[in-house]
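**Student:** Mind assembling these two chains? They're in different frames, but the hints should get you there.
These protein sequence lines map, in sequence, to chains A and B. Counting in the working numbering, the first sequence runs from 1 upward without gaps. Counting in the working numbering, the second sequence runs from 1 upward without gaps.
Derived by calculation from the structure, the hints in this document are not laboratory data. Even glycine gets a Cβ: it sits at the ideal position worked out from N, Cα and C. Among the clues, some could well be false.
Now the in silico label distances, taken between C-beta atoms and shown as ranges [unchecked claim]:
no. : chain 1 : residue 1 : chain 2 : residue 2 : range
1   : B       : G37       : A       : A40       : 52 to 58 Å
2   : A       : W152      : B       : W298      : 47 to 53 Å
3   : A       : H241      : B       : S283      : 37 to 43 Å
4   : B       : S283      : A       : D154      : 25 to 31 Å
5   : B       : T72       : A       : L182      : 56 to 62 Å
6   : A       : D154      : B       : N136      : 40 to 46 Å
7   : A       : Q36       : B       : T72       : 44 to 50 Å
8   : B       : V9        : A       : D154      : 38 to 44 Å
9   : A       : W152      : B       : T72       : 19 to 25 Å
10  : B       : E286      : A       : R224      : 28 to 34 Å
11  : A       : M167      : B       : D79       : 53 to 59 Å
Under 8 Å between C-beta atoms, here's a sample of chain A residues computed to sit facing chain B [to be verified]:
no. : residue
12  : P34
13  : E227
14  : E230
15  : A232
16  : N250
Facing chain B, from chain A, some residues (calculated, C-beta under 8 Å) [to be verified]:
no. : residue
17  : R233
18  : H241
19  : Q246
20  : P249
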Amino acid sequence: MSLSPVEDIALSEFSPGTVAEPAAPGSGFVGRSPGQLAWARLRRDRVAMVSGGVLVFFFLVALAAPLIQWAYGTDPQQQFQDSLDLYGMPLGYAGGVTGSHWFGLEPSLGRDIFIRMVYGLRTSLFIALAAGVITTVIGVLAGVLAGYAGGWLDAVIGWVTDFALAMPFLIVALALVPTVSLRFYGPREAVPSSFRVAVLITVFALFGWTSAARLVRGQVVSLREREFIEAARASGVSTAHMLFRQVLPNIWAPILVSFSLAVPSYVTGEAVLSFLGVGIVDPTPDFGAMIFRSIHYLQTDPTYVFFPGVTIFILVLAFNLFGDAVRDALDPRSNR
Amino acid sequence: MSTDPPNAVPLLAVQGLAKHFPVREGFGSRILRAVDGVDFEVRAGETLGLVGESGCGKTTTGRMLVRLLEPTAGRIRFDGRDITHLRGRALRPLRRELQIIFQDPYSSLNPRHTVGKIIAIPLQANGIRPPGGIRNRVRELLEIVGLNPEHYNRYPHEFSGGQRQRVGIARALAVQPRLVVADEPVSALDVSIQAQVVNLLRGLQRDLGLGFVFIAHDLAVVRHLSHRVAVMYLGKIVETGARADIYQRPQHPYTRALLSAVPDIERSREDRGRIRLEGDVASPLEAVSGCPFRSRCWKARDRCAVEEPALVAREGREQLVACHFPEPAPAVSTEEVRGEPVAG
Numbered sequence: 001m002s003l004s005p006v007e008d009i010a011l012s013e014f015s016p017g018t019v020a021e022p023a024a025p026g027s028g029f030v031g032r033s034p035g036q037l038a039w040a041r042l043r044r045d046r047v048a049m050v051s052g053g054v055l056v057f058f059f060l061v062a063l064a065a066p067l068i069q070w071a072y073g074t075d076p077q078q079q080f081q082d083s084l085d086l087y088g089m090p091l092g093y094a095g096g097v098t099g100s101h102w103f104g105l106e107p108s109l110g111r112d113i114f115i116r117m118v119y120g121l122r123t124s125l126f127i128a129l130a131a132g133v134i135t136t137v138i139g140v141l142a143g144v145l146a147g148y149a150g151g152w153l154d155a156v157i158g159w160v161t162d163f164a165l166a167m168p169f170l171i172v173a174l175a176l177v178p179t180v181s182l183r184f185y186g187p188r189e190a191v192p193s194s195f196r197v198a199v200l201i202t203v204f205a206l207f208g209w210t211s212a213a214r215l216v217r218g219q220v221v222s223l224r225e226r227e228f229i230e231a232a233r234a235s236g237v238s239t240a241h242m243l244f245r246q247v248l249p250n251i252w253a254p255i256l257v258s259f260s261l262a263v264p265s266y267v268t269g270e271a272v273l274s275f276l277g278v279g280i281v282d283p284t285p286d287f288g289a290m291i292f293r294s295i296h297y298l299q300t301d302p303t304y305v306f307f308p309g310v311t312i313f314i315l316v317l318a319f320n321l322f323g324d325a326v327r328d329a330l331d332p333r334s335n336r
Numbered sequence: 001m002s003t004d005p006p007n008a009v010p011l012l013a014v015q016g017l018a019k020h021f022p023v024r025e026g027f028g029s030r031i032l033r034a035v036d037g038v039d040f041e042v043r044a045g046e047t048l049g050l051v052g053e054s055g056c057g058k059t060t061t062g063r064m065l066v067r068l069l070e071p072t073a074g075r076i077r078f079d080g081r082d083i084t085h086l087r088g089r090a091l092r093p094l095r096r097e098l099q100i101i102f103q104d105p106y107s108s109l110n111p112r113h114t115v116g117k118i119i120a121i122p123l124q125a126n127g128i129r130p131p132g133g134i135r136n137r138v139r140e141l142l143e144i145v146g147l148n149p150e151h152y153n154r155y156p157h158e159f160s161g162g163q164r165q166r167v168g169i170a171r172a173l174a175v176q177p178r179l180v181v182a183d184e185p186v187s188a189l190d191v192s193i194q195a196q197v198v199n200l201l202r203g204l205q206r207d208l209g210l211g212f213v214f215i216a217h218d219l220a221v222v223r224h225l226s227h228r229v230a231v232m233y234l235g236k237i238v239e240t241g242a243r244a245d246i247y248q249r250p251q252h253p254y255t256r257a258l259l260s261a262v263p264d265i266e267r268s269r270e271d272r273g274r275i276r277l278e279g280d281v282a283s284p285l286e287a288v289s290g291c292p293f294r295s296r297c298w299k300a301r302d303r304c305a306v307e308e309p310a311l312v313a314r315e316g317r318e319q320l321v322a323c324h325f326p327e328p329a330p331a332v333s334t335e336e337v338r339g340e341p342v343a344g
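Chain B with its partners taken away, still in its complex shape (with noise of 0.2 Å):
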């Protein structure tokens, strides 16, 4: 799959990104920058996988996306647009095009209303009249994700949470969005389940030509529907590019360290070079000097401390890497990480 969809304005395009939280500490108060400073751009039906462990921002980054949070700074365009700092009623017009997956089917749906409802409030809330009235498009709806559509009238509690995952994604895709963010739509849920939703959200992908963001934690699940890959550490991104680059030849010793982080039963008795990162993550509370992946780095020099390396391309590639001494050629095996490729 080539990525480079023909039309030239990325659908998303997010520069400087940040955001800061005032984190009340006694009489003062302190800065906590969960993200800072994030620059990406998607294209249209293109995925772009968000990947950090937890606490590296990707999150907070997805909810300032779909305007869920206001972004302390940066600014983001969709479809060429400054939607940054859109409130209240110009939002509306973008709450049909930009929808997001949120990651605890749990939580995100209300209880009080029954699953045929849920679907519908954001077609009543856009005043969007489908032909077939709104109750046949909920039922469509169910069956794109896999429901029986007689489970209009039940409720969230008679549904297993692979289930409620669906009814999730069946609510974004009510308004027949251009991009979903999905905020690890597959962690809370268990891996055989995963797999089932994993495929769903990919089968979607390549019928409706969605674009995604797609936020996880979890490499190989990233690996299966993404065309370019983000990694983000401390609010910051280190390394991006496309996925077969990032898998195979990653240069940012964080991202070399992810990777080999990922479990495989086959090759789990002999020694495959796993990365152990040792130290703790530098404090999100104060201002790192340098480069933020220091404190853990086994290359780390004197200029790391200094000097905050740019996130800039290497060997003329279209790989980006934030790191004075990138990873050269192949380091992880292509056999490391398991997973399909995206087909189409």
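For reference, chain A alone in the conformation it holds in the complex (with noise of 0.2 Å):
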């Protein structure tokens, strides 16, 4: 029988030489962690660094957008109405795709589809990863009291995580969105992109943290049943020593699998939300927001959906694929 499922693999990968032999002495022995274990067999996995390597660059790309537009040399909301033709599309093949344009140009508006691409990543995955992160402390925080202390706050949380499943997402967001727009914002003011992007994380908080928050308690429950829980109490740890030093390194690991599979989620609920036209608006790039405006042009410029659609699809794969790859690294049991 074994500790944990990082275990076998462990002992299996350490040669029989090297598992617990007394070796010479006055060498200093430092052992490998877990997480170091698990580190190198996420770097042996071709999958995972190929799915790594494309969102590290997804990131960079991000990040990096005014640095792209300086280079690039055109602005997101610059309008090239000289390329279009009378029919308000894009002039040339493929969308306009040019040496200046490299996915070429929007129809009617005329703007650059790459550089709006660019800050589009940037919305994207500023959501997402705001959104991410948000859920996923709250469901820790939650799954952790509710698993750890039991009782009627276990009770407690467990009905309100059921009452938040129970909730029609889309429903949801499609009713609060606006609502919570007008409630701030007169109908015909222009509501900042700011504001927008905070409530559609806030969509994204009410309702994600409830998975976090079931994986959790369960890991917890699960947890405070083993002996060094019970140890480390009879030693007479206090309860943050207990929480954060012996139960929270050993549930990291679903943690940031939750995490790397939540992300990819909240990028296409977002672009959904800005599709159906309550997430993002316009002037904002945004990649739900081009793809609807695209719909409108699906046979007259197929290539104004082809970039974006692509981005997109190769963004959530790449996020899956190495969510996943993180979860056999971390828990080598799990193999098919």
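**Tutor:** As structure tokens, this is what we get:
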């Protein structure tokens, strides 16, 4: 029987000579922690490395957006009306792909698609990451509290979780976002994009924390029965030590996995809401909004939908593959 | 070895200790009497062996002693102080004197901590600053339990079961306790490793003057380490006394049956009067009338069903037995159970 899934592999990865053999005195040993072992496994996973590389690339692009704008020499709001024909369609082939407009131009407004995607990536990743971090933090806190304290606290957190899970996300989001905007801004006022972003993140946070909370609660409940928790209690450690030094380090793996699988769902979720018109709206560059606009030109200018569509597909795929790889590295027993 | 250390006040005194767990059943709930009124004493430097089959409440008793479980009833006095319901901060000083060694070396060490850290945590939590620094003290402890002090920075998964159990022992010893509850410390280990760990515990007993409450179902191991033995059955102590008395003159039928079940290679072929217990253990969910052992006892009479036998001394000896019809005189020969007597 083994303590953690990590261990079976951990042990098998040591050559027989190094496993707990008393070695020459005087030489200092530094063991490899379970985390280091997982990292070593991740390094060996080609899919993880490729998808991780893709993610790093996307993050760098999003971070360096102003720099790219400077090098590219085009503003996301700049309109190139003289590159459009009389019907507002971009001149040239493939939606106006040229050396100065790499992914072509938007029909009718004539904005550059590439630089809008660079900034759209920024919006998307920011919302998804912020929502992911907030939901994970709330979920971990709620889950640890429920799992460790048990009793009525567990019951109350369980009810709230069930309640949040029972709410239909899309309907509530469709109803909530415009209502909240109206509450703070008049019907004729322009709603600043930062406010829209904040509302989106709040909506995701309201619904997203439940899965993390359930996951963490289950992990903590099973950990609580383990003898090392009792041993720590018998040693007289404080509650803070118990939670942050004994319990949390042992559930980082599932938390990390749930985080890395939650982020892509927020990327698509944000795109869906923007597509439906309750998320980010037009002047702000955003994938969902771009795809929404491109639908009208599906027949006349298919390249408009192509670039944002493919990019968001690759982004979400890379996130999911990477999340799976992280899970495999942290928990080798779940290997197919 | 005499079982009478000079000090009169026992280090640990337990009276009427009980733990009842509520068991949910559909709409109602029933009470599981895991431990149902247990009395015993442990003197400083003495080892009490607590034996019994699985589910008899010995582990629950051990957990209550170190206050990992809240007793339902009864009193625990440690060094004359009532510790039965101590909580939070008031428990801190007790943690330094009373420690526990766990059964499963695979689940009793935090996989995310190095061995050095695992052993250092009790020191840090109790604000102990050893003279040479915590790091040196941990190395010293590793050496005491027979591990390479250089393994300080290794993780539990890099050790074998026996080595992990040694780490668990070092952790318990870190605060220099006076009494250690050892909850089946060797039953999860290979037989060859068991002997090493038992010898280690015996060395600690001798060198550090440690008292143990040694919980086990293996009578040979208990015999090796204990000064006195208490036999538990269904949450109660049915017989207790000095080791020699229990092993050579068991009076309770259950003790006799247990002793006769100890395997013995040399005598395995001859008929040595092994007692096979028939019937099932009575359910701890139901209040038993009379003697709890009567469902399996070959000597049970009408009286056993009505009247619960008290734990009393027979024949004026310091051997208490809870039976209406205790065994007379030597029933099991000295050879029957292997294991050397405790030295010193």
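**Student:** The structure should be examined with respect to each hint, and the outcome stated for every one.
**Tutor:** Taking the hints in turn, this is what the structure says about them:
no., hint, in the structure
1, G37/B to A40/A: 52 to 58 Å, "55 Å, holds"
2, W152/A to W298/B: 47 to 53 Å, "50 Å, holds"
3, H241/A to S283/B: 37 to 43 Å, "40 Å, holds"
4, S283/B to D154/A: 25 to 31 Å, "29 Å, holds"
5, T72/B to L182/A: 56 to 62 Å, "59 Å, holds"
6, D154/A to N136/B: 40 to 46 Å, "43 Å, holds"
7, Q36/A to T72/B: 44 to 50 Å, "45 Å, holds"
8, V9/B to D154/A: 38 to 44 Å, "43 Å, holds"
9, W152/A to T72/B: 19 to 25 Å, "21 Å, holds"
10, E286/B to R224/A: 28 to 34 Å, "29 Å, holds"
11, M167/A to D79/B: 53 to 59 Å, "57 Å, holds"
12, P34, "6 Å, holds"
13, E227, "4 Å, holds"
14, E230, "5 Å, holds"
15, A232, "7 Å, holds"
16, N250, "6 Å, holds"
17, R233, "6 Å, holds"
18, H241, "7 Å, holds"
19, Q246, "6 Å, holds"
20, P249, "4 Å, holds"
The structure shown violates none of the earlier numbered hints.
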